[in-house]
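**Student:** The listed protein sequences correspond, in order, to chains A and B.
Numbering follows our numbering, with no gaps: position 130 of the first sequence is 361.
Numbering follows our numbering, with no gaps: position 185 of the second sequence is 221.
Calculated from the structure, these hints are not laboratory results.
Every residue gets a Cβ at the ideal spot worked out from N, C-alpha and C, and that includes glycine.
You may find that some hints are simply not true.
Said to hold, decoys possible - Short, incomplete list of chain A residues facing chain B, as computed with Cβ under 10 Å:
1. V302
2. L304
3. A359
4. A444
5. L446
6. G450
7. Y505
What the hints assert, rightly or not - In silico negatives: residues of chain B with every beta carbon more than 12 Å from chain A:
8. E43
9. T58
10. P86
11. F91
12. L109
13. L131
14. I180
15. A227
16. Q267
17. Q296
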Amino acid sequence: MMGSEPHAQVARWRPMRRALRARRARSPILVGWLFVVPALVMYAIFVLQPLALTVQYSFYDWDGVGPATWVGLSNYSRVFTDPDLLGTIFNSFKLLLFFSVIPVTLGLITASVIHRVTTGRFGSTARAIIFLPQIIPLVAAGIIWGWLLSLPGLINQLFKAVGLESVTRAWLGDFDTALPSVGMIGIWVLLGFCTVLLQTGMAKINTDLYEAARLDGAGWFAELRAVTIPGIRYEIGVCLTVTAIAALAAFDIVYVSTGGGPGHATAVPGIQIYIEAFLQRRVGLASALAIVLVLLVLIVILPIQRLSRGSDR
Amino acid sequence: MKAPRAELYLGRMFLVALMLFTVLPFLSIFLTALQPSGSLPSGLAWPTNPQWGNFIEAFKVANMNKLLVSSTLIVLGVVPVSLIIGTMAGFGIGLLRIPGARFVLILFIFGLTLPIEGIIIPLYYLAREMGILNSRLAIILPLIGLFMPFSVFWMNAHFANMPNEITESARVDGAGTWDLFRRIHIPLARAPIASLAILLSVWTWNNFLIALVLVEDPSQRTMAGGLGAFQGHYATNIPLLCAGTIIILLPTLLVFIVLQRQLITALLQGSVKG
C-alpha cells in the first residue's frame, strides 16, 4: 500500500510523521505507565501489601490486639509438627483426588461421550445442565449437599430404596466418610466445568485425525488415548490447574457443610487459618499456615503448567 | 451417525445419568422447601400440601430485600471500577508495550495463583486501620484489588492480539494515546469487556470468605455471605433453609438461563487464557 503512493504525498507526510514520532518518543513511556498505575496501585495495596504482611506476621506471636513478639521460625515448625495443623495439609492433598483428579478424569470421559454420540440439541442441553453447579455460590452447594447427605436426606433414601439400609448414615458427621463426602460436593461442582472446557478443546481437533482413527478401527478408548488426549493437553492442564487451586484453597464448601469436623476429619488449611486467626486469635500461627498454603499451591501447579505448555505451545 | 448403535445408546444413558446427578440435588431442595416449616421431611418427598409461604417467610427472616440491595451495591462498586482500570492496564501492557511490561504482567499473573487465605488476615487489620471494617467498602476495595490479576491478564490477551495497523493508522491521523484508547480500542474491545463484566459480577455475588471476615452484619454482605449467616441461624429448620437457598440461587440461575451461552464461553475463555 505504502509503496504505491505518489512520492509527493509521501514527502508531504514525512515532516508531520516525524513530528508525531518525536512527540511519541518522549511521552509514551510516561503515558503508558499512567494507564497501568491505577490497577497496579489497587493490586499493590489490597493484594501485595497484605501478602507481605502475612509473611511478616508469620514470624511473630500476636493475638491481634496486644504487642507482638518476634518468634523467628517457630510458627512454621509448629505447622509442620502439630498433628492438627499438619493434618490439614494432608487433608487438602486428599481433596486433590476429589476436586481435581476425579472431575478431570470423569470430565474427560463425559466430554468424549458428548463429542462422539450426541448431535445438536441433546449435546448442548447436556452441556448446559451439567455446567449448572458451576455458577451457583459454593456456599449454596455446601448447604444443598449438607441436606442431601444428612440422615433423612436423599442419599440415604436412595440407598434404602435399593436395599442397602446398612450403609446409611450421617455422611458428613462420620469420621470415615466426612472427607470423601465433602469431596463428593467438589465433584458435583467441578465436573461440569471440566466437561465443557475439555469438550471445547475436542471440538478444535482436526476431524481428519478422527476419520483416520476410525478407518484404523479404533474404538472409543483407543481413539481417546491416541487422538483426543494428545490434542487437548493444554485444556487438560488448565482443568488440572483450576481444580487443584480449588482443592488446596477450599474454604466455602467445607465451612458450610462440616466446619472442619467431625473432630479434624475435614479440616483443611483454609478453615484452620480462619479458626486460628479470627476465633483463637493466634495471628502469627495462622499466617505461617497461610504462607505454607500459598507455597503449596505454587508447588503443585507449576509442574502442571510445564507439562501442559511443554514443547508444542 | 457417528458411532455404532449400541455405543450411542450407552453413551446417552451415561449422559442422562450425569444430568440426573446434577439436577436431583436442586429438585430435592425445591421439594423440601415446600414442606411445612419446621418439619423434618425426607430427601425427596412430594409435598402433599405445598407451603409456598415458606419462600415469603425465608425472604423476610433472611432480610432478603436488604441483602439484594447490598449485593447489588457491592457489584456496582466493584465491577465498573475493575473494568475501567483493568482495561486501561491491559491496554498499557498489551498494546502500548510500556518498558517493563513483561515484568508487570508476570507480577499480575502471580496473583492468579494466590489463594485468598494468603491475604485475608492482614486484610482484616488493614480494613480496621482504614476505618472501613464492617462497611461495604471493606468488601469492595479488596475485591477490586483481587480482580486485577485476572482483569489485566484478560484484557492484555485481547490487546496483545490487536493488529498493529489499527494503532498505526490512528497515530498517523494524529490521535493521542488517550483518544486511541477511548475512541478506537474501547469500541473494538466490547466483547471481551462484556465477558469480563459478567465474570466479575458472578464472582462478586458469590464471594464468601471476604464478606464473612470483614463484615459482621449479614445484611451488608454479598448474597453468598448472607446465605452463610442464614444457614447459621436456621440450620435446624430444613424447609426454611432450602427456601432461602433457592431465593439466593434464583438471580444467578436466571442470569445463567438468559446468558447461558455467553456465560459458559466467558468462563471457559477465562480459564484457558489464565
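**Student:** Once the closest CB in chain A is found, is it more than 12 Å from A227 of chain B?
**Tutor:** 17 Å, holds
**Student:** Verify this label for me: E43 of chain B is non-interface relative to chain A, using a Cβ-Cβ cutoff of 12 Å.
**Tutor:** At about 6 Å from chain A, E43 of chain B fails to clear the 12 Å cut-off, so the statement is violated.
**Student:** Report holds if the minimum CB distance from Q267 of chain B to chain A is greater than 12 Å, and violated otherwise.
**Tutor:** Given that some Cβ of chain A is not farther than 12 Å from that of Q267 of chain B, nearest at about 6 Å, it is violated.
**Student:** Beyond 12 Å from every Cβ of chain A: is that where the Cβ of T58 of chain B lies?
**Tutor:** Violated, because the least Cβ-Cβ distance between T58 of chain B and chain A comes to about 5 Å, which does not exceed 12 Å.
**Student:** Confirm or reject: L131 of chain B is not an interface residue toward chain A, with every Cβ-Cβ distance exceeding 12 Å.
**Tutor:** 9 Å, violated
**Student:** Is the nearest CB of chain A more than 12 Å from the CB of Q296 of chain B?
**Tutor:** Not fine: 6 Å to the nearest Cβ puts Q296 of chain B too close to chain A.
**Student:** Taking the closest Cβ pair, is A444 of chain A under 10 Å from chain B?
**Tutor:** 12 Å, violated
**Student:** Over 12 Å to the closest beta carbon of chain A is the bar; see if L109 of chain B clears it.
**Tutor:** 18 Å, holds
**Student:** Going by Cβ atoms only, is Y505 of chain A closer than 10 Å to chain B?
**Tutor:** 7 Å, holds
**Student:** Can we trust that P86 of chain B is non-interface, i.e. its beta-carbon lies farther than 12 Å from all of chain A?
**Tutor:** 18 Å, holds
**Student:** Hey, is I180 of chain B genuinely clear of chain A, shortest beta carbon separation above 12 Å?
**Tutor:** 5 Å, violated
**Student:** Can we keep the L304 of chain A interface hint, with Cβ of chain B closer than 10 Å?
**Tutor:** 18 Å, violated
Hint compliance for this structure: hints 1, 2, 4, 5, 8, 9, 13, 14, 16 and 17 are not met, and every other hint is.
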